[in-house]
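Undergrad: Listed below, chain by chain, are the residues.
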Amino acid sequence: NAGVIQTPRHKVTGKGQEATLWCEPISGHSAVFWYRQTIVQGLEFLTYFRNQAPIDDSGMPKERFSAQMPNQSHSTLKIQSTQPQDSAVYLCASSFQRGEVFFGKGTRLTVV
Amino acid sequence: QQQVRQSPQSLTVWEGETAILNCSYENSAFDYFPWYQQFPGEGPALLISILSVSDKKEDGRFTIFFNKREKKLSLHIADSQPGDSATYFCAASKAGNYKYVFGAGTRLKVIA
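Just so you know, the protein sequences line up as chains H and C, in that order.
Position one of the first sequence corresponds to residue -8 (our numbering), numbered consecutively onward.
Position one of the second sequence corresponds to residue 225 (our numbering), numbered consecutively onward.
Calculated directly from the structure, the hints in this document are not laboratory data.
This structure is a prediction, so every number in the text was calculated from the model and none was measured.
Fair warning: there could be bad hints in the mix.
Here are the simulated lysine to aspartate or glutamate pairs, EDC-like style, with alpha carbons at most 20 Å apart [unchecked claim]: (1) C:K281 / H:E91; (2) C:K280 / H:D48; (3) C:K318 / C:E239; (4) H:K2 / C:E250; (5) C:K318 / C:E266; (6) C:K318 / H:D48; (7) H:K96 / C:E241; (8) C:K318 / H:D77; (9) C:K323 / H:E91; (10) H:K69 / H:D47; (11) H:K2 / H:D77; (12) C:K323 / H:E9; (13) H:K96 / C:D308; (14) C:K281 / C:D255.
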């Protein structure tokens, strides 16, 4: 069990460019979450999928952020027209039904 | 509105001492409280958790004390070790709910 795998670990984008972050949840886990971590705001919930279906995206900035889960083995978080304030560590997590939530190591996004 | 508060922001203890990390919450609907440990460059990892029906949960050197009336809980780390040096996050959710609200974290340093 390699845990939740996130790629890339680090990504640098220019202001206005698009960034796509990838997540491979633990095999067999039906729930996938995205969180964002910054020094100022801490850990913030972004969105949640269960059995690949989007359940709650209440934490997602509405205009430029989108998340998808095209199959049970991966999810993507896409940020269009990235801004410096989008710089953060983006964490993906998964769980089996309503069990323990396992986090990946995160993708550190830097927008310059 | 900060729904989960942690104190202190940082804590330094000597090896062998008991570290006490505090957490309080505002939403009386919260009834599941996991504590996560995070090392630099890693994602948060579940350390120990408690449901609000209990007032104490032990797991080895780690103990949660929970006071539902005061909406407070604390994590006690007995016999602290240098390897315990990390940031600890208190989180809260409604039992069976997927969305965690995290505190800002306590950075613990254990000096040998």
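Undergrad: Each of the hints needs a verdict: does it hold here or not?
TA: Now the hints, each set against the structure:
1. C:K281 / H:E91: holds, 16 Å
2. C:K280 / H:D48: violated, 34 Å
3. C:K318 / C:E239: This hinted pair is violated, its Cα atoms lying about 35 Å apart.
4. H:K2 / C:E250: violated, 36 Å
5. C:K318 / C:E266: violated, 26 Å
6. C:K318 / H:D48: holds, 17 Å
7. H:K96 / C:E241: violated, 30 Å
8. C:K318 / H:D77: violated, 28 Å
9. C:K323 / H:E91: holds, 12 Å
10. H:K69 / H:D47: The given pair, whose Cα atoms are some 16 Å apart, holds under the 20 Å limit.
11. H:K2 / H:D77: holds, 12 Å
12. C:K323 / H:E9: violated, 27 Å
13. H:K96 / C:D308: Cα-Cα ~18 Å, so holds.
14. C:K281 / C:D255: holds, 14 Å
Of the hints listed earlier, those the structure fails to meet are numbers 2, 3, 4, 5, 7, 8 and 12, in rising order.
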